[in-house]
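Participant: One-letter residues, chain by chain:
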Amino acid sequence: MMDKLYLVARIADTRVALRSRAIHSVVTVGTPVEVPAAPPHVAGLFALRSRVFTLIDPHVVIGLPAVAVAEGQRVIVVDVADHGYALLADEIEDVCFIEAPETRIAGKLLPGWARVAEAMIEHDGAALLVVDPSHFITLPVAKAA
Amino acid sequence: MDDLLNDFLAETAEILAEAGGALVAWEADPADRERLDAIFRLVHTIKGSSGFLSLPRVTALSHAAEDALDQVRRGNRPADGALVSAVLGIIDRLSELCDSLAATGAEPAGDDSVVIGALATMETVAATEPAAVEIQLRREDDLSAELRGWRSIRVPLPLLDSVMTGVTDIVLARNEFARMLRESGAGASVISSFERLSDSIAGMRQSVSQMRMQRIDKLFAPLPRIVRDLARDLGKKVKFATSGGEVELDREMMENIRDPLIHIVRNAIDHGIEAIDGRVAAGKDVTATIFVSARQSGNQIEIAIRDDGRGLSPDALVAKAIAARVVTATEARALSSREKLELIFRPGFSTAAEITSISGRGVGMDIVKSNVEKIGGVVELRNEEGRGLTILLRVPMTLTIISGLMVRAAGHEFAIPRGSVREILLESSDTVRIDRIGGGEIATVRGEPFPLLRLESVLGRARDHRDDVDDRALVIVRPGQGQSYALSVAAIHDQEELVIKPAAPMIMATGLYAGTTLPDNGRPVLLLDVQGILAVAGIDASEAGRNQDHGSEAAAEAMAARDAVQLLLFRDVGDRIRGVRLSVIERVEEVPVSALFESAGHIQVQIGGDIFPVHAGKLPDEQGSVKLLRLYDGRAVLCYPIAAVIDIVRLPDGVQPAAAPGLIAGVALVGGNPVELIDPYWLMEQYASGAAAPALRQPLCHLADDHDGWGDNFLAPILRHAGYRVASSDAEGDETPDVLLCLSGEEGAHDHAAGDVPVIRLRTAAAAAGPDDPTVYRYDRQALLDALHHHVMGGRA
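Chains as they are written, first to last, in the working numbering: chain A, 1 to 145; chain F, 1 to 797.
Source of the hints: derived by calculation from the structure; they are not laboratory data.
Note that the structure is predicted; figures quoted are calculated from it, not measured.
You may find that some hints are simply not true.
Claimed, not checked - Stretch by stretch, here's where chain F covers chain A in the computed footprint (C-beta under 8 Å, at least three residues):
{"hint": "1", "region": "31–39"}
{"hint": "2", "region": "119–128"}
Unchecked claim - From chain A, some residues computed to sit far from chain F (all C-beta separations above 10 Å):
{"hint": "3", "residue": "ARG15"}
{"hint": "4", "residue": "THR28"}
{"hint": "5", "residue": "ALA81"}
{"hint": "6", "residue": "ALA89"}
{"hint": "7", "residue": "LYS108"}
Yeah, the Cβ is synthetic: ideal placement off N, Cα and C, and Gly gets one too.
Throw the hints in and build the complete structure from the sequences for me.
Facilitator: See below:
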């Protein structure tokens with residue numbers, strides 16, 4: 001049953017479905033602490049209980065300009081390789097069971113999305129990308145501009 | 001069932017490691033009944049638990065070992081090396097079985113008859129021999145009493161870690177709550193009950209960190225076995241001993257130093273200790289000694305691995321390093337003897353003439369060093385060529401807590417590990433000069449140049465406009481041996497004990513940060529990687545290069561220095577303003593009053609491992625700390641207590657000299673006020689007498705005809721104090737003495753004067769025998785010293 005549980009959210013201006021087993025929790029953040037000289041998708045650090053989490057801005061990973069973190073913004077907390085990360089979410093919609101099967105992605109995606117999306121799923125009459133949060137942690141190798 | 005098996009495996013692994021060490025110790029002293037009982041108990045425990053889990057092979061093996069050991073306990077067979085080897089064989093087999101049990105969850109099929117047979121064949125041989133040692137019999141049931149005390153509770157590590165995290169959360173919540181309480185203006189009763197809660201939380205935090213501590217014994221347990229096996233393979237005789245096993249260390253630290261420790265011990269046996277004939281030739285005990293000791297000093301643990309082997313030969317190391325292309329011949333010539341020793345830490349270096357099967361496992365001392373440094377530790381070498389090598393590992397007691405200096409730059413806070421901070425200065429201070437040269441910056445602190453890095457530009461950020469320029473400070477950072485630089489920051493905050501956690505890989509990859517930490521205010525702070533910053537900034541921070549590179553800049557500075565003599569103004573303990581030439585000051589120390597002590601009417605101070613005289617009439621009355629100016633004349637150090645440093649100024653031209661030589665050389669006007677100038681020449685002179693210059697070669701004085709020990713007991717201490725080395729003329733030595741003291745006055749009683757060694761004869765009578773009597777009355781101290789001085793210096797000229 002757990003396999004069918006998804007978090008539906010809007011990240012990087014796009015509605016996506018995230019498999020719930022990949023997600024630790026959803027929390028709100030205060031003002032994060034900047035990390036000078038870090039890669040551009042690192043939006044800062046914040047503490048949750050006694051752990052320090054690295055805040056990731058999915059916009060940058062997808063290839064969009066970075067957005068400012070608003071006080072009280074909701075973030076999706078994930079654990080990747082024993083480190084805690086949080087993805088900035090534009091909006092958290094719902095956690096729900098989606099009975100429909102994941103299907104192969106039909107159609108051509110933007111290169112940024114193509115790298116993070118794994119499948120598509122039908123929910124409430126709309127097609128959502130199923131993304132793996134761990135793909136947001138690493139930045140694509142920068143192309144020579 | 002799985003839980004049971006896991007418990008069994010964890011327990012057995014521990015027992016096997018312990019049993020290996022215990023067996024080797026027992027082999028050395030087979031009469032040690034207690035040890036034998038301990039081993040028997042360990043094997044017995046394995047047998048018991050394996051029977052319960054139905055592991056037939058494990059049961060059969062442990063049963064066989066138990067049987068054999070029981071025979072020894074009953075005095076039916078002797079304890080010998082062969083038996084120990086056989087039992088060790090069983091222990092090895094048990095370890096293998098446990099490994100595959102852990103991997104597959106089932107006991108693999110196999111035949112153990114050879115291993116068990118090793119025990120059995122021994123028994124028949126043993127039966128024909130008389131029992132080698134007599135062992136006192138003991139009844140089975142008095143073992144069970146000890147078993148209870150030996151047991152403790154096993155807790156899974158993740159549970160322990162989660163308790164630790166929980167407590168840290170409680171502490172953070174407490175801090176936040178305390179802040180809210182203060183702001184709300186709560187009543188005294190609320191505050192006091194909150195304090196009580198706060199205290200018990202602090203106590204709990206303490207106990208939880210103790211839960212993670214383990215005795216370092218555990219780390220030492222496998223070593224006796226390794227030493228024994230390796231020494232056997234190499235045909236060397238090695239005695240192994242440990243001390244300080246009760247010292248406790250964080251479990252995680254323990255994991256990190258296990259491999260380095262084993263590697264160092266293996267190295268010591270393989271390379272350090274000579275083969276038996278080599279030891280005989282060197283006049284050493286055939287049995288070498290390796291001694292591993294641990295001790296706690298402050299929040300650090302020192303682990304010393306000492307061997308009495310051949311030590312390191314700096315010249316051989318250099319030759320090898322050149323051959324291995326680790327350094328070039330030119331570089332090698334510039335190395336100090338210490339740097340030569342530290343060549344063994346260079347990657348690609350191996351001390352053995354050829355890589356042996358024992359140490360040549362692709363792990364070198366470079367890996368040892370980097371592993372220890374990774375956890376914030378240091379490796380030190382104490383070499384006595386020909387007599388042995390001591391390797392010192394100094395590691396923090398817990399991996400995670402370090403003392404950090406909090407600094408600000410570009411509007412953010414950062415932490416710098418306190419251990420690598422040498423000095424902190426305000427940028428506006430008079431002792432600091434900052435020069436811009438060719439786009440770079442150099443900070444000169446009291447004549448010593450440091451490459452200057454501004455933290456904002458290292459981080460690629462602009463300065464925060466809110467920062468006050470007057471707050472800007474220089475942190476002199478020493479990231480490693482022989483390296484230093486100045487890091488300019490917007491402000492220095494306080495110092496805190498910080499819990500360090502690794503940062504996310506992409507943050508670590510910047511090379512600027514060593515981790516993250518969460519101070520009490522709950523806002524994450526990045527810990528700067530002081531070594532990494534160097535690499536990122538691409539500067540050469542090596543001190544050696546700086547001193548050799550006396551470029552035009554340094555020369556110009558020397559010119560300027562000659563023109564203007566600088567004067568350090570200070571307020572002395574009597575509240576007078578005095579000055580002293582800056583160049584004679586080595587540094588200003590601040591020491592606790594308890595470091596000062598009185599000895600033979602003189603005040604002395606202990607700084608680190610050294611004792612220096614202090615120019616003071618009495619010990620300070622109040623507790624706390626005292627500032628000391630360290631005067632240095634190139635040979636000796638003298639400490640001069642002061643109340644505070646005021647300023648550094650140019651020495652005025654007009655100095656009114658004092659009438660008589662004394663502490664005050666004269667008076668000068670500085671800024672319109674008279675300032676007494678200290679005469680360092682006079683000051684050093686007061687403390688210089690009696691202290692023989694250790695750097696000079698001390699003349700050797702031989703005593704002859706010292707039949708009643710008068711020379712050794714009465715005379716020798718005076719001579720040594722006067723700077724002579726004293727030996728009996730009967731002592732064998734290659735060195736020709738500088739002077740011979742003949743204690744029986746009769747002419748020609750002994751013809752010791754081999755060659756042209758001057759002879760002084762001492763007489764017992766106070767009056768001289770005649771006007772030309774060359775002998776010296778033995779209680780005329782001054783005449784004796786004069787005669788010695790005359791002969792030694794005369795002989796040289």
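Participant: Flag every earlier hint the structure violates by its number, smallest first.
Facilitator: Violated hints (numbers, rising): 2 and 5; every other hint is consistent with the structure.
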